[in-house]
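Asker: Can you build the whole structure from these sequences, using the hints too?
So the chains spell out like this:
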Amino acid sequence: MSANDRVSVATAWLDGCSGCHMSFLDMDERLIALADKIDIVYSPLVDAKELPEQVDVGIIEGSVSSEEDLHKAQLLRKHCRLLISLGDCAVNGNVPAMRNQFKLDAVFDRAYRENVSFQPQRPTQGVPALLERVRPVHGVVAVDVFVPGCPPSADAIWYVLSELIEGRIPDPSQVTKFGA
Amino acid sequence: MNLDELNEMAEGVRAADTGIAHEVRVCMAASCQSSGAGPVLDGLREAAPSTGCRVKGVGCMGLCSAGPLVAVAPMDGGEPVLYRDVKAEDAQAIACSIGTAPVERLRLPNDLPFFSRQQKIVLENSGVIDPNSFKGYIAVGGYSAMVQALTEMTPAEVLAEVTTSGLRGRGGGGYPTGLKWSTVAKMPAEQKFVICNADEGDPGAFMDRAILESDPHRVIEGMAIAAYAVGATRGYVYVRAEYPLAVERLKTAIRKAKRSGFLGAHICDTQFSFEVEVRLGAGAFVCGEETALMASIEGLRGQPRPRPPYPAEAGLWGHPTLINNVETFANIAPILLRGGEWFAGIGTERSKGTKVFALAGTIRNTGLIEVPMGTRLRDIIEVIGGGIPDGRAFKAVQTGGPSGGCLPAAHLDIPVDYDSLRELGTIMGSGGMIVMDETSSMVDVARYFMEFCMTESCGKCIPCRAGTQQMHDILKTIAKGRGTRADLALLEELCEVVQATSLCGLGQTAPNPVLSTLRHFRVEYEDKLAATSA
Amino acid sequence: MPLPAPQPQVRVVTLKIDGQDVSAREDETIIEVARENRVPIPSLCYLEGLSVWGACRLCVVEIAGTDRLLAACSTRVTEGMQVITNSERLQRYRRTIVELLFAERNHVCSVCVSNGHCELQTLAQRCGVDHVKVPYRHARYEVDSSHDLFRLDHNRCVLCTRCVRVCDEIEGAHTWDVMGRGTDCRVITDLARPWGDSGSCTSCGKCVQVCPTGALVRHGTSVGEMTKDLKFLPYLSRRRHGQ
Amino acid sequence: MSVTRHKPPTPSSDKRWNLVNAAMRRNGYADHALIEALHSVQEAFGYLDETALVYVAESLDLPLSKVFGVATFYHLFMLKPKGRHACVVCTGTACYIKGAGGLIEGIEGRYGIQPGETTEDNALSLLSARCVGACGLAPAVVLDGDMLGKQTSEDLLARLGGLD
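Protein chains in written order, with our numbering: chain A, -5 to 174; chain B, 335 to 868; chain C, 921 to 1163; chain D, 43 to 206.
Please note that the accuracy of each hint is not assured.
As the list claims (entries may be wrong) - Derived EDC-like pairs (lysine to aspartate or glutamate); straight-line CA-CA distance at most 20 Å:
| no. | chain 1 | residue 1 | chain 2 | residue 2 |
| --- | --- | --- | --- | --- |
| 1 | B | K585 | D | E78 |
| 2 | B | K862 | B | D821 |
| 3 | D | K192 | B | D771 |
I should point out that these hints are in silico values taken from the structure, not numbers from a laboratory. This one's a predicted model, so the numbers in the text were calculated from it and none came from an experiment.
Answerer: Here's what the structure looks like:
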């Protein structure tokens, strides 16, 4: 792949702890090498806030828990040729999905009333509405590559990106697993 | 006791009946009982002439939808007069008609195709003899096959006769009975068991129940002959607890047979001993699977275990065990009496004899029928069953219960035998036949059976336990019109995995209702999907 | 001339596993022979030293001459048998079975004390399960912390019944069993009362050691800290069965 | 070495235990007679409570968990007492095709109970059965032991409403 033919990458952070993005940063000096090969065109890690019309690779961290998550997942799917679920929240719902065992109302009550001593109230304004059930990304849009792990190690992410840069579809099951 | 002595005994029973010109038979099987046959029997007993006539309760006459059924039969062998929908207040009229003109308003024509198109072997005594009467069974030649086997045949000769008959297991699998018997016979073991599988669980099937309620000695006789042939000394009948009447009649029959020396130690003064016990199920469909059934007799959770080893090799408590179903055992006595060749002359090349079916659903005549193997499906449904009521159109017939499938009108002309049904994606099963008209949704039928399998899954193996639940969820979603193409694809994939990897027959066949409706009625699934995307 | 040695009771047979010629005693099962010959066959309920259960269906293999798939744990080898352990079809089926397990209960690996030491987790990775296609059910299951030493988390139970078998066959207590049917199945102690109240439990901890997941664990362990040791099992099994 | 096995004392002077004891004795207190023993308890008492399960387990020398596992595997065994009236709706195929689902929904709607549940006032238990074998009378209901054929939701609810 030539230098002027760099891979454009968009990343999004849905319902997750941002640990997967941190793990991305944990690639340390390899980030420098990577910077020669990819352009991050949209991400919580960079300033650009507009998703370009056509992106090569979309990477999603986090599960789909709110209307906004759903919108972002659909947006990335629409504009990215290849979509990656990065980390357990995106791949299997992980900790955010543990609330699915309860009714949404009960979850709200627990978080905003029962455990709150000062002005207990449910937030309604300025925050995206929660979905009744948390779903993994592939529960709402088609996903091409799954990178499980909580978080996937920097090595695993490096492997996945390196393979993509080389034009190959990676098989991350050799380098990461659920919970890893 | 030898055959001559038994014949003498039967002759004696019949001789006691001289002077009785007519017999009034009231069906006292479960279905007629629930439509009020009990008071009818009482009424007739009261109203009937005190001489020359006998009123008795009998087993299933077949046409359940017209019950309570009553037959007035001349004892000289003439045609009986059949009455339908009899009420207690009709007793007087029927009683007065005996020997004179029949009561036309209640009469069922004798040439009704429902009756004339049947051929009865298994059910030949059904609706004729009093199931609670040991003598009644003896009078129609009962136990002569057993006595003949014990006194005049070697076990090998019995096996040969059963093998020649070409009889295949009537419980659903269609495994050759002779082969099964000889496998058990060949096992070198001190202790062997014979089990009668009467855990009839297919929803919509009641053949075994009717046989046990109508002619229980016939089943016991078949078991005893089997025990003699394979070298077993103990037997169990595993019956559903949901069939209290069948259990009661079976227990009565066992007690009476034992008291008369036809069961127990040294049967009919021969070296052969055979004890039979009844064991009750407790509401678990999976116990129809033979290894689960054995676990249940052993007092365990009815969970199947991997086969091999097959029960013939290591069955009940590890001993070689022969398991056959009620109808299979009920075929044995006639095979021995009339010969394997005779039996093999009935039916088709690979499916011999007759088959009992329970006709139900949206069909005019519901009830129990027995037809030769190879009878056209159309004849069963349109001629014997009388077609669909209320001017609606036939849509499908479901055979084989939760392990079977649905056939559309296009296949009504197939002969009903093991192989033809299998080729079309369904199975003979134990004999339940549910007819559906145009108002039935095939997706919903598939969902119904999947729900059945899900609740009846024993939970031991993962594909069946979790797979049936997932498939049921998907079917529910599709039935509600919320399914996607991806859901349908996942459903088909799960069908394949559950079918291929499940531990026992329940799981392996659980996808069949889905697969067969997908095969013959795919458009109904597609339509449901289309509704969502629109 | 010495007399020929008496014919041994058990014969030796030869067979092919994935094209490899192997020999075996005829009373061995396919999975035993495969593992002796370093052919890995995935399994979950099978555990050397316990009776065969045959329920997880992960060890199903193809055998030439039969359409049916057979469980390697419960099928004895025969002369000339040709076994395929890892066809594309088998791999696909195994992935689906593992997915069904993950979807059935709440196996949240990231917050499990057995993370990194879990057979289900490893199995998912080996079978190439990088995500679960079937919808997660997210049903609620109890956690029983009533025992002084151990904890039972039904969320992570795969119903392999290793605990039931080790307790019955090795410890001899039969504290554990399975209640209910189908998806309602649940491992129980005694009359399904809290484990800590059990009158039959000897607190030996064998159930915890054989549990393949984080369903049975020691108290006081944090994420990833629970390791299990199965070394005792073959030894005790031989003692128990007088070998 | 042998450890003596003691037969446990009968839980109470209730005569119904005689039936249970008889069932177990008939089978020589063999462990494989567990299901027979549980049937006898249910027949005598209507359901299986903890006392009965423990008594049967001790009498047959079986582990408690095994007895509980068997009692909960088979759907006919009830671990809770039934209501004063029991309405069993047949959900066999023939009954299903002819509207058994509607009968259940009707009862659910009126009484707020699902199959397997009993109303809070203990008046009515709703049960479902897999084919009671009265396919000719579909949809069929067994109310307090009496078979009712060709039911409609209205008929059934009216009849249930008339119960005490």
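Asker: Could you run down the list of hints and mark each one as holding or not?
Answerer: A quick look at each hint next to the structure:
1. B:K585 x D:E78: holds, 15 Å
2. B:K862 x B:D821: holds, 12 Å
3. D:K192 x B:D771: The given pair, whose Cα atoms are some 18 Å apart, holds under the 20 Å limit.
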